[in-house]
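Residue numbers (the working numbering), protein chains in the order written: chain A, 1 to 441; chain B, 1 to 429.
It should be emphasised that the hints constitute simulated quantities derived from the structure, not laboratory data. Don't be surprised by glycine CBs; every beta carbon is placed ideally from N, CA and C. Some hints here could point you the wrong way.
[As the list claims (entries may be wrong)] Which residues of chain A face chain B? A partial, calculated answer using Cβ under 10 Å: (1) Gly35; (2) Ile37; (3) Phe40; (4) Ala104; (5) Asn105; (6) Ser124; (7) Arg231; (8) Gly293; (9) Ala304; (10) Ala428.
[Stated by the list, open to error] Pairs of lysine-lysine, DSSO-like flavour, derived with a Cα cap of 27 Å: (11) Lys31(B) with Lys240(B); (12) Lys71(A) with Lys130(B); (13) Lys228(B) with Lys335(B); (14) Lys149(A) with Lys83(B); (15) Lys228(B) with Lys240(B); (16) Lys149(A) with Lys402(B); (17) Lys149(A) with Lys63(B); (18) Lys83(B) with Lys63(B); (19) Lys263(B) with Lys31(B); (20) Lys75(A) with Lys135(B); (21) Lys83(B) with Lys344(B); (22) Lys130(B) with Lys142(B); (23) Lys72(A) with Lys31(B); (24) Lys402(B) with Lys166(A); (25) Lys135(B) with Lys149(A); (26) Lys130(B) with Lys75(A); (27) Lys70(B) with Lys149(A); (28) Lys328(B) with Lys228(B); (29) Lys70(B) with Lys83(B); (30) Lys166(A) with Lys130(B); (31) Lys344(B) with Lys328(B); (32) Lys240(B) with Lys344(B).
[Claimed, not checked] Partial selection, computed: residues in chain A whose CB lies under 8 Å from chain B: (33) Leu109; (34) Ile112; (35) Leu130; (36) Gly135; (37) Ala139; (38) Gln158; (39) Pro161; (40) Glu202.
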Amino acid sequence: MNRRIVITGLGAVTPAGIGAPALAAAVCEGRSAIGPITRFDAGNYHSRVAAEVREFEPADGIRKDQSRYVKKMAKVMAIDIQMAVAAANLAVLDCGLPVGNAAANEPVLPTIDHTRFGMIFGTSFIPTELDDLAGPVRASYVDGRFTLKGWGARGIPQMFPLWLLKYLPNMHACHTGILWDAQGPSNSLTTSDAGGLLALDEASRILRRGCADWMLAGGAESRVNPVVVLRYCLVHRLATANDDPPAACRPFDLDRTGQVSGEGAAVLMLEGADVAEKRGARVYAEVLGTGAGTTTAGVNACDADGRAVATACRRAIAAAGIQPSDLGAVVAHGPAYAPQDRSEAAGLRAALGPAVKDVPVTAIKGVTGNMGAASGLAELAAAILVLRQGQVPPILNCARPDPEAGLAFVVGRPVALKSKAILITSNAIGGQAAAAVVRLL
Amino acid sequence: MRRRVVITGMGSVTPLGLTVEETWQNLLAGKSGIRPNRIFDAETFPTTFAAQVPEFDIARYVKNAADFAKAGRNVRFAAAAAKMAIEDARLAPGTFDPTRTCIYIGSGEGTLDFFTLCESIAYGTGDDGKVSAAKFAEMGLKRYDALRELEQEPNMAANHLAAEHGIAGPTYSNLTACAASTQAIGEAMDLLRTGEVDTVLAGGTHSMIHPLGVTGFNLLTAISTEHKDEPWRASRPFDKDRAGFVLGEGSTIMILENLEHAKARGARIWAELTGFGSSADAYRMTDIHPEGRGPSAAMRLALADAGVRPEEIDYISAHGTGTTENDKVETLSVKLVFGPYAYKVPMSSVKSTLGHLIAAAGATELMTCVMAIRDQIVPPTMNLETPDPECDLDYVPNAARKAKVEVCLSNSFGFGGQNDSLVVRRFVP
């Protein structure tokens, strides 16, 4: 069955602003959202820069009954979940479906069959906020030592009763589903940086097999967190250019020093083209094909020949039924961590073949840092809005592109977009690579 | 054209055994895997017991045990289960196309270094009760083991299996709580039906038997704190005196192939997967919709996908957690879908002895369905001593039962409202 899939709504909560247009504007202007870490005292960390989301309100723009729910539940939602809910709300509001009049007691989204509305999120295992454990940990000490006996007897009773629910990786979908009464398939993919594009891949597959008519595909993650920054500091993946934050994230640049921790959420509304056409929806783009691959180089390694990225891109291009030379642009992952950038470049060379000379390659993390599971779809949302204007934006902070990459990087100034077919790819170190081809409409 | 999907290999480590056969025989015998917690000192925790996987030597299952030295229990379980599944399917290296082979695994977290976390938090806690991240990091950067920290990521099970077995196609890792591995297998079916891949290692792996896991469930009062002195009595699905589930752990991995691929390589076929249904409650964070809206939708969709009538189902592997709400609503949902036949179809919960394997539960329960089809016998719900008027179906109480078993339905309903059901049947060419 060859059902066509279209994107009809964009929602994003990013360090560059709330809403996909805010991110698109920052990308066009080459404005970095990276600054010193303010979320916590990063004093002893090697990397003290991050792209932080500031001031977003997950209850903005939605009905009163919905905002009551969000406000009541916010205390059991880690920031990842709050951002996901906010981005999902933006995507649903953007897609133009009637939301239903609360005063007239209408249900939300009264014109759709809610059993055919589902969602797939790329999420991560969210570490606990340290303050949640501080009191209980202190109460657990016996003779100057932390003990499990103390924890069981005196720590647990001091914990916040719904603590576990604040951090579960499927709560993004749970709350979003409750808000919008989405009773269709609901999944949460924990595949790190590849999560967002794999969510797009699975959501498209579910629409294609006819198990839903509307699917949200999303990704959300905060890496601006004392535990996550520490984890990546321990393995030296993070940029240490602490003195000049806006220049800290340098995708494919010779002077890159590592990833910059970011955070955010991005959600797309996908529909079967038949359904979207019938309701006269505004369509941003068509999902032509998706693909995925996996590294076999080791669980913390990037394969030197980029075969995971190559497999993902080849599969997406083949599924789209196009040739690499048909592509107008590539939006690369480009996290600015040298082994990962090199592996991706090798994979793109392999997948693009002779077209590699002509297809412009851009990347967005110079603006946003690495938003983890949110990155793929936030970058896709931004790319859709920016590239529709006919220009491929340059890679921020790529002043001296790595000559060994062998890619047609867009550097310094935008280049004209020659075709409306766009390839986007994301990859997780040691694991999954994902890619999608969309056609701008 | 929709391709048929068959199971050609199974591997499993559970609290009841380190092989599929051992777990199955113990289940039929009604033996319990639930014991006092020996993974960590839980003496003062509200719940002091769990269903734990016996010790095993990872070196028996992997090329280089050192690659797994920092891995969590979840990854080690998956490595063992996957190795046995691959051997069971006779899927030798070089006989499959790595980029057309896929992994889809419902997987939880690695094993948290709880002491380092807590000691670093204590070190960083000021007089105001707030934690200074800088001071937390001062100790954490010295104490934490970098590679062990990376093993926290839930995609590590998939990553390890890809590296160990050279699987380079699409891999997915999902975590929809208790429904994860049923959903993983269901989505894997679709990847095979459409021909996107030839073979999938699909299943689940999880251990939440760590201090924060038990803490989290105790706080939610979801796990039983009763029968401390006879913990094998604590998991009581459908019994009037049920008081929550018992945490288990383990992994089951299956080799799924499309039929043409399996036939072409002369594979032995365990069973055919014919139906998958997936829904969300969209109701509340932990409570199930009281009218069973989500679970009944998942079951109906799975039956429709399989093209079977309710009366053709010979056995239901219940989600049957042993919480008051789940068992009541699952019973109601089965009645909604099956009508009067609900009273005739045997439905049991292996969680009564295996405990709740969370992300690994669905795959493990599907495995028991496959064995039920092989042996024409259904496993019992143990500890069903006092009937509950709201749970009045045939739960196969306390003893395995010989039965005609050709087609089974396996249910998983997750915390957070994800509901998934699978239909598996004897393979008939």
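Hint check results:
With a cut of 10 Å, the hint placing glycine 35(A) at the interface with chain B is violated, because the nearest CB-to-CB distance is about 16 Å. Hint status for isoleucine 37(A) relative to chain B: holds, with the closest Cβ pair at about 9 Å, below 10 Å. The beta carbon of phenylalanine 40(A) comes within 4 Å of a beta carbon in chain B, closer than 10 Å, and the hint placing it at the interface holds. At about 21 Å, the closest approach between the beta carbon of alanine 104(A) and any beta carbon in chain B exceeds 10 Å, and the interface hint on this residue is violated.
The interface hint given for asparagine 105(A) is broken, as the beta carbon of that residue sits about 18 Å from the closest beta carbon of chain B, more than 10 Å. At a threshold of 10 Å, the smallest CB-CB gap from serine 124(A) to chain B is about 7 Å, leaving the interface hint in force. Satisfaction of the interface hint for arginine 231(A) is found here, the shortest Cβ-Cβ separation to chain B being roughly 5 Å, below the 10 Å cut-off. Here the hint on glycine 293(A) is kept, as its CB sits about 6 Å from the closest CB of chain B, short of 10 Å.
Violation of the interface hint for alanine 304(A) is found here, the shortest Cβ-Cβ separation to chain B being roughly 14 Å, above the 10 Å cut-off. Because the closest C-beta pair between alanine 428(A) and chain B is about 7 Å apart, less than 10 Å, the hint holds. For the hint linking lysine 31(B) to lysine 240(B), the alpha-carbon distance of about 21 Å falls within 27 Å, and the restraint holds. Straight-line distance between C-alpha atoms of lysine 71(A) and lysine 130(B) comes to about 24 Å, which keeps the hinted pair within the 27 Å bound.
Between lysine 228(B) and lysine 335(B) the CA atoms are separated by roughly 34 Å; this puts the pair beyond 27 Å, and the hint is violated. Of the supplied pair hints, the one linking lysine 149(A) and lysine 83(B) is violated, its CA atoms being roughly 37 Å apart against a limit of 27 Å. With a C-alpha separation of about 18 Å, the suggested pairing of lysine 228(B) with lysine 240(B) holds against the 27 Å cut-off. With a C-alpha separation of about 46 Å, the suggested pair lysine 149(A) and lysine 402(B) falls outside the 27 Å cut-off, and the hint is violated.
Of the pairs offered as hints, the one joining lysine 149(A) and lysine 63(B) is violated, with about 38 Å between alpha carbons and a cut-off of 27 Å exceeded. For a cut-off of 27 Å, the pair hint linking lysine 83(B) to lysine 63(B) stands: about 10 Å separates their Cα positions. At roughly 37 Å between alpha-carbon atoms, lysine 263(B) and lysine 31(B) are farther apart than 27 Å, so this suggested pair is violated. For the given pair, lysine 75(A) sits about 26 Å from lysine 135(B) by alpha-carbon distance, which is consistent with the 27 Å threshold.
The suggested pairing of lysine 83(B) with lysine 344(B) is violated, with an alpha-carbon distance near 38 Å, which exceeds 27 Å. Taking the CA atoms of lysine 130(B) and lysine 142(B), the gap is about 21 Å. The hint holds against a cut of 27 Å. The straight-line distance between the Cα atoms of lysine 72(A) and lysine 31(B) is roughly 45 Å, outside the 27 Å bound, and the hint therefore fails. In summary, the hint linking lysine 402(B) to lysine 166(A) is not supported, as the alpha carbons are separated by about 45 Å, beyond the 27 Å threshold.
Among the hinted pairs, lysine 135(B) with lysine 149(A) is consistent with the structure: their alpha-carbon atoms are about 25 Å apart, no more than 27 Å. Distance check on the hinted pair: lysine 130(B) and lysine 75(A) sit about 17 Å apart at the alpha-carbon level, within 27 Å; holds. Between lysine 70(B) and lysine 149(A) the alpha-carbon distance is near 26 Å, which keeps this suggested pair within the 27 Å criterion. A hinted pair counts as satisfied when its Cα atoms are at most 27 Å apart, and lysine 328(B) with lysine 228(B) qualifies at roughly 24 Å.
Proximity of lysine 70(B) to lysine 83(B) is assessed by CA-CA distance (about 19 Å); at most 27 Å being required, the pair is judged to hold. Distance restraint check for lysine 166(A) and lysine 130(B): the Cα-Cα separation of roughly 19 Å lies within the 27 Å cut-off, and the hinted pair is therefore satisfied. With a CA separation close to 18 Å, the supplied pair lysine 344(B) and lysine 328(B) stays within the 27 Å bound. Proximity of lysine 240(B) to lysine 344(B) is assessed by CA-CA distance (about 21 Å); at most 27 Å being required, the pair is judged to hold.
Look at leucine 109(A): its Cβ only gets to about 11 Å from chain B, farther than 8 Å, so that hint breaks. Because the closest C-beta pair between isoleucine 112(A) and chain B is about 13 Å apart, greater than 8 Å, the hint is violated. Nearest Cβ of chain B to the Cβ of leucine 130(A): about 4 Å, under the 8 Å cut. The hint holds. Interface hint status for glycine 135(A): upheld, as the beta-carbon distance to the closest one in chain B is roughly 6 Å, under 8 Å.
Here the hint on alanine 139(A) is broken, as its CB sits about 10 Å from the closest CB of chain B, past 8 Å. Taking 8 Å as the C-beta contact cut-off toward chain B, the hint placing glutamine 158(A) at the interface is violated, the least distance being around 10 Å. Interface restraint check for proline 161(A): the shortest CB-CB distance to chain B comes to about 5 Å, inside 8 Å, so the restraint holds. A hinted interface residue such as glutamate 202(A) counts as satisfied when its beta carbon comes closer than 8 Å to some beta carbon of chain B; here the least separation is about 6 Å, so the hint holds.
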